[in-house]
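J.: Residue strings, one per chain:
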Amino acid sequence: MSTAPVVETKRLSRRFGEVAAVDDVSFSVEAGEIFGLIGPNGAGKSTLIKILTSLLPPSSGSATVAGFDVANAPKQVRKHIGYVPHTPSSDRELTGYENLLLSARLYLIPRHEREHRIEEALVMMSLRDARHRMVRDYSGGMLRRLEIAQSTLHRPTVLLMDEPTVGLDPGGRRTLWQHVRELNRTLGTTIVMTTNDMDEAEALCHRVAVLQTGKLRAVGATADLKAIFAPSGSLEDVYETITAGGSPRA
Amino acid sequence: MTERSATGPSGTTVETARDFATHMFAVADAELRKLAHDPWEVLSRAIQPVLWLVLFGEVMAQVRGFAAEGQRYLDFLVPGILAQSVVFVSIFNGIAAIWERDLGVLHRYMISPAPRSALVLGKALSSSVRALTQAIVVYICATMLDVQLSFSLLHIGVVVLLIVLGAGLFSTLSLIIACIVRRRERFMAICQVLAMPIFFASNAIYSIGLMPAWLKAIASANPLTYEVDGLRAMMLANGASTFGLGVDFLALTIAFSVAVIVATRLYPRLTR
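These protein sequence lines are chains A and B, in that order. Numbering-wise, the first sequence is residues 7 to 256 according to this note's numbering. Numbering-wise, the second sequence is residues 15 to 286 according to this note's numbering.
Among the clues, some could well be false.
Claimed, not checked - Quick list of simulated restraints, FRET-style, between CB atoms: (1) B/Trp54 <-> A/Gly251: 55 to 61 Å; (2) A/Thr192 <-> B/Leu146: 42 to 48 Å; (3) A/Gly226 <-> B/Arg197: 53 to 59 Å.
Claimed, not checked - Computed footprint of chain A on chain B; a stretch qualifies when at least three of its residues, placed anywhere within it, have a C-beta under 8 Å from a C-beta of chain A: (4) 29-40; (5) 136-148.
Note that these hints are calculated values from the structure, not bench results. Glycine residues also receive a C-beta, built at the ideal position from the N, C-alpha and C atoms.
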């Protein structure tokens with residue numbers, strides 16, 4: 007069993023002019039983990055995820071995903087990842103089934119497996135009854151579940167999600183969490199997700215990295231971070247302590 | 015190994031070509047499914063060539079000298095109007111790309127392992143199918159106006175090829191403009207500025223022989239001129255090409271190839 011990290015960044019930076027959106031960030035994610043990138047708006051979470059998808063080249067440093075360098079082997083990286091962007095990317099002018107069919111073809115899932123995979127994804131994401139409805143008529147929660155179904159149809163090694171539950175009501179959020187956990191448990195998909203919702207990070211993530219103004223402030227298991235930074239508090243307290251420049255309290 | 019797509023080697027040339035075709039048809043199929051869900055866009059665009067033929071064509075037919083020597087003006091006009099429809103149907107490919115970027119749909123394509131050139135060609139192919147629907151309307155309208163069309167299968171086959179190539183070219187040029195200007199408002203302004211000279215600095219509605227030398231030079235560098243010339247030779251019962259069909263295809267193919275190469279480089283930048 008290989009123990010090589012599934013995602014690894016080394017001194018990764020991305021500048022936009024004078025501004026360093028991601029600044030000297032190094033971390034690694036092991037296979038099967040749900041890893042959270044947490045931080046306030048403008049912390050660099052989305053930029054970091056975009057670099058990991060290979061859509062945005064880094065300014066310096068390196069990042070590998072599923073063993074492939076994002077700058078040197080972007081096509082290989084894209085074969086091995088699924089991506090749920092911040093803005094939903096399913097086509098509203100197609101049905102749920104047609105969106106899945108498009109993804110199946112883009113990922114070259116063999117013709118004889120396509121229908122089976124699509125059916126499986128629809129059932130897993132509780133969308134089977136809505137498969138022939140136009141996506142523009144889907145609720146926010148359904149849209150997010152379709153996004154995940156499309157992004158995991160080809161069984162990627164890593165699923166990257168950028169604030170997957172933003173805009174959902176509490177019920178929709180919890181349903182989505184269940185689906186994410188199930189995906190992680192049944193298919194063993196490694197998940198890297200950004201969020202600025204500490205309840206979500208605490209409910210889902212095995213480990214988190216705290217980002218602030220592009221810099222990595224802390225990284226570790228949620229329980230460990232709590233023990234160090236806020237022994238009797240929540241992840242929210244940990245987050246506030248770290249981003250306020252606080253030090254370990256244990 | 016069940017995950018050929020995810021983990022397999024790059025494979026043989028045949029496999030690569032098959033994968034490329036799958037990617038291209040995936041994009042085109044999605045576009046055509048959207049068209050099937052809402053065909054109003056294409057149906058409403060079909061009104062324009064009909065108006066040109068019935069209103070403009072019938073009136074201008076009274077003026078001598080627009081067409082080539084001894085040719086009925088309406089016969090001369092029909093291929094030009096079809097070429098114009100091809101341009102107008104294709105030119106919206108770019109704004110659709112900006113729209114897809116704004117809606118987030120473009121990410122779905124860009125994050126996939128599909129080669130960018132397959133995505134560009136898939137979009138071009140869907141424009142070609144849209145343009146072919148316009149051709150059906152123009153053929154029906156022209157027949158009703160007693161234009162002497164050629165219905166030889168060979169000629170119709172060449173017309174289809176010319177339309178596929180022309181629509182591919184103009185839709186890809188439109189995509190390039192979209193990648194450069196990035197915003198809907200700018201795109202609309204630029205396309206309105208470009209569409210008129212493309213149309214009027216060509217042989218679409220009058221013979222190139224009528225033009226002053228400077229305009230003739232522009233028309234000779236305008237790909238629409240070669241599209242119209244080829245269509246004029248193949249659509250009409252006694253049609254003839256000014257430049258030769260080989261030159262028409264060569265000009266269109268070179269222009270299309272260059273456009274695809276440029277668009278392939280620019281398209282991914284639209285997501286940044």
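J.: Against the earlier hints, flag every one the structure doesn't satisfy and list their numbers going up.
T.: The structure breaks hints 3, 5; every other hint is satisfied.
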